[in-house]
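Asker: Protein sequence lines, in the order shown, are assigned to chains A and B. All the letters of the first sequence, read from the start, carry residue numbers 1 to 132 under this note's numbering. All the letters of the second sequence, read from the start, carry residue numbers 1 to 275 under this note's numbering.
Hints are computed from structural coordinates only; laboratory data are not their basis. Cβ coordinates follow ideal geometry from the N, Cα and C atoms, glycine included. Treat the hints with caution; some may be incorrect.
[Stated by the list, open to error] Anything over 10 Å on all C-beta distances counts as not near chain B; from chain A, calculated:
{"hint": "1", "residue": "Ala2"}
{"hint": "2", "residue": "Glu12"}
{"hint": "3", "residue": "Tyr45"}
{"hint": "4", "residue": "Glu63"}
{"hint": "5", "residue": "His85"}
{"hint": "6", "residue": "Asn94"}
{"hint": "7", "residue": "Asn96"}
{"hint": "8", "residue": "Lys107"}
[As the list claims (entries may be wrong)] Computed from the model, here is a short list of chain A residues facing chain B with C-beta under 7 Å:
{"hint": "9", "residue": "Ala34"}
{"hint": "10", "residue": "Ala36"}
{"hint": "11", "residue": "Val51"}
{"hint": "12", "residue": "Arg53"}
{"hint": "13", "residue": "Thr54"}
{"hint": "14", "residue": "Val57"}
{"hint": "15", "residue": "Glu65"}
{"hint": "16", "residue": "Gln125"}
{"hint": "17", "residue": "Ser129"}
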Amino acid sequence: MARDPSTLRYAETHEWVDVQEEGGDKFATIGISAFAVEQLNDLVYMDLPEVGRTLEVGEEFGEVESVKAVSPLYSPVAGEVVAVHTDLPDNLDNLNDDAFDFGWILKVKLSADLPDSLMDYAAYQKQCSEAG
Amino acid sequence: MSEVPAIRGRLIESASHDAAANMAIDEALLSSVAAGAPPTLRFYGWKRPTLSLGYFQPLSEAMAWAERTGVALGSTGEVDLVRRSTGGGAILHHAELTLSLTLPMNVSDTGAREATYRNVHEAIASELKVMGVDAKPFRTLGTGAATRMSSDSSGASSVGKRDEPFLCFQRRTDEDLIVSGYKVLGSAQRRTKGALLQHGSLLWSVSPHADVLPGIRQLAGRRLEMDQLIRGLQQRLKAMFEIDWQLGALESEEMEASKQIVTQRYGNSDWTSKR
Numbered sequence: 001m002a003r004d005p006s007t008l009r010y011a012e013t014h015e016w017v018d019v020q021e022e023g024g025d026k027f028a029t030i031g032i033s034a035f036a037v038e039q040l041n042d043l044v045y046m047d048l049p050e051v052g053r054t055l056e057v058g059e060e061f062g063e064v065e066s067v068k069a070v071s072p073l074y075s076p077v078a079g080e081v082v083a084v085h086t087d088l089p090d091n092l093d094n095l096n097d098d099a100f101d102f103g104w105i106l107k108v109k110l111s112a113d114l115p116d117s118l119m120d121y122a123a124y125q126k127q128c129s130e131a132g
Numbered sequence: 001m002s003e004v005p006a007i008r009g010r011l012i013e014s015a016s017h018d019a020a021a022n023m024a025i026d027e028a029l030l031s032s033v034a035a036g037a038p039p040t041l042r043f044y045g046w047k048r049p050t051l052s053l054g055y056f057q058p059l060s061e062a063m064a065w066a067e068r069t070g071v072a073l074g075s076t077g078e079v080d081l082v083r084r085s086t087g088g089g090a091i092l093h094h095a096e097l098t099l100s101l102t103l104p105m106n107v108s109d110t111g112a113r114e115a116t117y118r119n120v121h122e123a124i125a126s127e128l129k130v131m132g133v134d135a136k137p138f139r140t141l142g143t144g145a146a147t148r149m150s151s152d153s154s155g156a157s158s159v160g161k162r163d164e165p166f167l168c169f170q171r172r173t174d175e176d177l178i179v180s181g182y183k184v185l186g187s188a189q190r191r192t193k194g195a196l197l198q199h200g201s202l203l204w205s206v207s208p209h210a211d212v213l214p215g216i217r218q219l220a221g222r223r224l225e226m227d228q229l230i231r232g233l234q235q236r237l238k239a240m241f242e243i244d245w246q247l248g249a250l251e252s253e254e255m256e257a258s259k260q261i262v263t264q265r266y267g268n269s270d271w272t273s274k275r
């Protein structure tokens with residue numbers, strides 16, 4: 001089932017978070033928003049983290065290159081990386097059409113509650129519109 | 001143009017450093033500007049000819065280039081090797097003017113700051129014009145322009161992601177400055193939370209290690225004064241960014257940080273060969 005962007009949470013740095021509960025644990029699937037993909041304009045490279053790595057909130061988990069600019073990706077949650085989308089770096093063009101489904105980057109088993117700083121869709125839309 | 005610059009910036013004119021130190025100093029500046037240090041404009045040279053790989057370029061492409069061109073690459077060879085933190089293609093830094101511009105940036109900004117490429121390149125083109133060199137952005141030349149996509153001196157073409165040539169100066173992007181069909185200026189960026197680093201390389205004179213790439217010295221057909229260009233640029237970038245570039249130096253903390261960064265990254269062969 002396609003992910004609905006209006007139900008997701010968002011970081012100031014444009015990562016989206018989709019939380020699901022499985023077997024009593026909480027897991028966050030993370031990607032970058034359609035707005036960020038559009039702003040990045042012509043992604044050519046992406047680095048992914050290793051499965052098993054532990055991430056803190058705000059820690060760099062990967063990097064992307066677009067228009068000769070390298071930009072870090074930041075973890076919006078704390079936890080352990082349990083899956084990464086290994087097909088993504090070779091198919092970055094597909095991100096343009098599908099940032100929220102094919103565009104998932106990693107899945108993290110949460111070790112703490114979601115940070116309060118994550119925005120809901122309306123607040124994130126407001127940030128994007130102010131960025132122009 | 002007539003408004004008083006609101007922000008005080010720092011201008012650093014470095015002596016030539018080795019490749020790892022040059023890249024580490026720029027990374028230390030990026031961290032320090034993100035943490036609140038003033039915007040910093042740095043001009044520098046290179047102690048030895050150096051091939052710098054774009055951040056994502058595989059080392060194997062540098063090795064293939066060295067084999068084709070017969071260049072001995074590495075710390076004991078004739079051309080040093082370093083991996084940059086910025087994107088884009090490989091650059092042979094030899095007789096060039098290198099600059100780094102580090103600016104504070106909003107945390108929520110994404111990706112490349114294309115206006116920064118455009119502004120810096122416009123300032124350099126204007127200053128080159130004063131010196132009698134006609135440089136134009138690639139985007140203004142149209143598809144039929146005589147842009148010489150030269151292969152390297154062996155005649156072989158090296159391709160990377162998206163079939164681009166290995167060397168930056170054999171690639172073309174919109175804001176690259178072109179003189180008589182040859183690219184003479186390219187830039188690339190690195191973002192961090194709160195700041196942007198932009199590297200720029202102005203090919204001053206041809207290098208014997210990449211002799212298919214003429215510099216502005218050859219294209220102008222006469223000697224040009226680098227100091228004149230730097231002084232002019234300082235004024236143009238002051239008006240353009242509304243930043244008053246005051247001559248300064250690296251802080252001791254930045255120098256110390258850069259030494260650690262050399263060990264961890266740019267002077268560390270494991271890091272250089274990580275791709």
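Asker: Now, for every hint given, state plainly whether the structure supports it.
Answerer: Evaluation of the provided hints:
Remark: the non-interface label on Ala2(A) is consistent with the geometry, its nearest Cβ contact in chain B lying 24 Å away (cut-off 10 Å). Against the 10 Å criterion, Glu12(A) falls within the reach of chain B, whose nearest CB is about 5 Å from its own CB. Not every beta carbon of chain B lies more than 10 Å from that of Tyr45(A), the smallest distance being close to 4 Å; the non-interface claim is violated. Distance check on Glu63(A): its Cβ comes as close as 8 Å (rounded) to a Cβ of chain B, failing to clear the 10 Å threshold; non-interface status is violated.
With a closest Cβ-Cβ approach of about 18 Å to chain B, His85(A) is found to remain outside the 10 Å limit, as its non-interface label requires. With 10 Å as the threshold on Cβ separation, the claim that Asn94(A) sits away from chain B holds: the shortest Cβ distance comes to roughly 15 Å. Listed as outside the interface, Asn96(A) is consistent with that label: its C-beta sits roughly 13 Å from the nearest C-beta of chain B, beyond the 10 Å cut-off. No Cβ of chain B comes within 10 Å of the Cβ of Lys107(A); the nearest lies about 23 Å off, and the non-interface call holds.
Hint status for Ala34(A): violated, given a least beta-carbon distance of 12 Å to chain B, over 7 Å. Here the hint on Ala36(A) is kept, as its CB sits about 5 Å from the closest CB of chain B, short of 7 Å. Because the beta carbon of Val51(A) sits about 18 Å from the nearest beta carbon in chain B, more than 7 Å, this interface hint is broken. Hint status for Arg53(A): violated, given a least beta-carbon distance of 16 Å to chain B, over 7 Å.
Restraint check, Thr54(A) versus chain B: the minimum CB separation of about 20 Å is more than 7 Å; hint violated. With its C-beta approaching chain B no nearer than about 13 Å, Val57(A) sits outside the 7 Å limit, and its interface hint is violated. With its C-beta approaching chain B no nearer than about 4 Å, Glu65(A) sits inside the 7 Å limit, and its interface hint holds. Checking Gln125(A) against chain B by beta carbon gives a least distance of about 13 Å; that is not within 7 Å, so the hint is violated.
With its C-beta approaching chain B no nearer than about 12 Å, Ser129(A) sits outside the 7 Å limit, and its interface hint is violated.
Comparing the model with each earlier hint shows violations of hints 2, 3, 4, 9, 11, 12, 13, 14, 16 and 17; every other hint is respected.
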